[in-house]
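Visitor: The task is simple: from the sequences and hints, build the whole structure.
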Amino acid sequence: MSLATRPRLTRLLTLAAALAVSCQPSPSERTRSGEAPYGGASSVGGANAGASVGGADASFGGGTGSGTASSGGSGSGGAPQPVVDSAELPLRRLSRVQMRNALDDAFRLAAPAQGANMVSAYDWQIGFYPADRLTNASGEKHGGYGRLDQSVQQSHVDALLELANIVSTSVTSQPAWITELVGACATDANATNDVTCLRDFVSRFGRILLRHPLGSTEVDFYTSVSDPNPNTVSAESIGKVLGLLILAPDFLYFVEHGQATALGDVIPLTAHELAARLSFHFWQSGPDAELNSLADAGTLLDDATFNAQVARLAADPKAESAVREFFGEWLRLEELENPLGQGGAVWDALRGTFTPTLDTKKNTVAEILDLVAYLYRNNAKLSDVLTSRAYVTQANDIAELYGQPAWNGQGTPPEFQDPARAGLLTRIALVASYSANTRPIMKGFRVRNALLCQTLPPPPPSAMNATVDLAPDLTTREVVERLTETPGTACLACHRQLNPLGYLTENFDPLGRTRATQKLYDSAGMLIAEKAVNTQAAPLVTPNDMAQASSAAELTAQIVASGEFERCFSQQYFRYTFGRVDKPADTPVLEGIQATAVAGSTLRELLSKVATTTNFKTRDFR
Amino acid sequence: MSRSSSRLHRRWFLAGAGGALLPLPLLGSLFSPGTSEAQALREKCFGFFYQPHGNAYQRDMYPSQATLTNTMAYAGHTIRNGALVGNDSAGEMRVSEVLRAPSTRLSQALVAKMNVLMGLDVPFYQSHNTGMALGNFGDNQQGIKSVVANGRRPTLDQILAWSPTFYSDASRVVNRSVVLGDQSFAHANPKTRVGPIEMVGKTAQGSRDLFDQLFNTTTGPREKLLIDKTLANYTALRNGNQRLSSGDKRRLDDHIESLYELQRKLIAATSGTPPPRPATNSTDLSNKTEYSMDPALQVQAYQLWNDVIVAAFSTGTSRVISTSIWDASFTTYPGSAYGGSWHQEVAHKASIDAAAYTLLLTSYRTFFADVFVDLAKKLDAVDRGGGTTLLDDCLLFWTHESGHHTHDPICVPVVTFGSAAGGMKTGQFCDYRDLTRKMKGGDDLQKEDYEIGLLWHQWLGSVFQALGIPKSEYEVPAENGGYPNFHWQQTDYYTLVGGEKTLYPDSVWNVTGEMLPWLGP
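Protein chains in written order, with this note's numbering: chain G, 6 to 627; chain B, -6 to 514.
Because the hints were derived from the structure by calculation, they are not lab data.
In the BS3-like style, the derived pairs of lysine-lysine whose C-alpha atoms are separated by at most 25 Å in a straight line are:
#1 K588(G) with K242(B)
#2 K418(B) with K464(B)
#3 K281(B) with K367(G)
#4 K323(G) with K367(G)
In silico contact screen, one side only, chain G against chain B (beta carbon under 7 Å); selected entries:
#5 Q158
#6 L252
#7 H262
Cβ atoms here follow ideal geometry from the backbone N, Cα and C, with glycine treated the same way.
Guide: Here it is as structure tokens:
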């Protein structure tokens, strides 16, 4: 018997004993005597939270665990409560996206003809399962990921029961679906095959959903909820079995025991555990048939086989889902303003004939996600994310802002026609504020914090009402300079590190359209002047780099040359992969990823690099 | 019509934006109101309502300072209070510029069941935060590093939800707390208060979805069987001999605890006759394209939620609710000259821009008049016998993210309805500020300084006391009184006029465990 297929004997024995378990007091009772109207959008700050001007003595910091928020005070604090556990995650759970994909793919895999219809039948219920909260490292604003939200509150447990109910009821609602999912034995007139029929189904479907082969005791357990009459494979019986499988700990959590015979605290994963990690890492879903087969045979533990599987999974189009999610969350693209519903005379004058639609924000985000997916698909380098001029938008509203017909999605996308579009920093999502004014400070903050992983102290409270207004005789840059860069003020220390990064893209208007001048309006929307925009600045990509730049292209070149983007990526991708904040002991892994990126590796190679680290293939049980 | 005859019996209360009266089952009276024993037995309810930003000028948020006719020396300074009186004129009852509503809805009798509290502070910069108002100081943006690191606490509503005192009999409780916003935090195991402190997700997407959860008619033996078996499955994993880390086991314990709670809820959900299901779901309204720009539609949606809250409180299926309000609600924003985001163009500019402030004020006024008072009135229409109403047994608490200057938790407003079954005196306007200790804070339009008052810890401790929760369940006296246990203040941000740095002296910290003056029964 290989390690990979060794049954979970001790647990199965316990399960067997538990077959008759009924309602008992809870552990604590045993040991003690005793968008919608509400919610959703109430959190404020969002993409704008750092936009207010302010000042403090500051220098930006980068690297693992950097944080420069200043504070003073007296007295004692409360008991420390970690924002995010920086140790190995205990019993990591699937994200909502992963759970949904795993469930959907299980039905598609088990019922190739009708699986998609089954998924459609219950899909609406997924929305009732709590969404994952983008969770930051303490004190940081960008780089928060849904995967770092490891909370399992009562609402999760309640919702999972509801989901299990709906799914199991839905997929057993049609005899044809039952026939394909369970087998003809489930709907034929022969009652003598029913017990075997149900057990076979549990073995087969449970193998997919729970990500390991089920032993006979486990099959006994899951079939124990079937109808009292063992000779009946009713829809109700199948539904109960399905419900119990969906509620199983092995579905919601990455249940990892490590290889049974290994010694020490850091234990190599079993083949099935490794298959699950690989699959959810690259595909956001459970293992496919090939991966399962290699896990069952135990050969996935061979380095050559493992590496070949890493390459296969990384090259599969399904990997683009995780790539899109990672970059979208890293850049917090969902926090972009929605241009729909903006109003006012100046806004109307500014937008001219451009009319945002219900989909404009979605299309703005989609362009970035489509770009990274395209680059990933075509084996591009990490730096290409910054420098690529591929014109990938297929949406007419975004194309209108670019002044270039939308790409038809066929073949290789063209490049931007506008030479000012120098790459990521000049795409609509990065330059548009979708209001009547540009936001140089916010643009700078995004580059400094999100793309370079450098932090600044928060602005002082006195700065909160000092917003950057349009002026009839000054460009936005000039307003910002007067407000935040007066020599001798406390504001200057931080804003000299923020503003220049934003000034360099002031040749794009608030909707992201190229401009050479800024149109100045009165409050009635009447054009009263135009002034040339000034994009000359010293972006201070690193603290000692005083080089000037005058365009996004030059800024991009400085960032690429600095290696800061690669350093930032390594930190962010580590967090996304492992669902936790990096700790000092992780530095070698981070440096390894960074070195691979700086050496010009492709995105695919970078993602694969993470999967081949010791951290990925082992688990720390301390 | 007499006051008593105008009330709906508790089984016939569910009338709101949804239209028709919805009958609810009569619950047996557990007590005879009027005795001290009865007060102790009366089931209390708690509702929390939160709007982001703050920045409501003091001169608009609060009643006239002239009504503060009483003074008291307390915690080293003079505090003031007076009777809360509404001015009924032209069909409108006005307590302050913000606190006003049609007098058909906000009667003088209802004003007598309100409190308005002024001068309650969190003693450090908080910026935008989630959960501060309920005692979690550690979840904020741009906040102080040590507060972020050390200030995370479960929120008051979640402590109530798992309090053996508050829910001494949980047999009818389907949801210990209804969370409709992002202000609630609890330990991974809220019952034992073990594990990391996490945000508690929303209970329901829509008002009727919540109703279905609370009065579920579909729960049957199948669900109970599945939960029993799932408990066995988790227990087998937890107690098996295969390798697990201590963290794994703790997570499994937490999950098992949640399954037991779910098991308990399923039994509770099937007790009694459920009331008729509302015809309209709030999402029927909020999913409309025009919703975000239609204040009337928003009010209707919130009133649908109110109906279900009343149903929950009345039947005891839940007695704790925590909500937060979308920040651009109740206005036809964008209306500012330059467009842009509510956050930037309205909330941040409200103290320097009259048009922005008007929008902000409209949002607060509308919430008060059409949502908060609507709920209070509906609760007050439910007869609890002995001349008391369901509202009397509740404590509804409305506050803002910040005080009269956005981002700053100095003088954060508190508006309440209900006496928590006699646990808190009502009909008062209390000002706990020390008017001799000021910080400059005048903006172009607002021109209102900061005055240091008493601590938020004391207010939350007072809420616990009013609700009858013993201190052993929420207080760590070695640290400080009240809630949360977080004895910390910032000395480098705020400077009083005259240069004094120490803002909150021991005399203020030392009373945090007391009921706020004038509120005790």
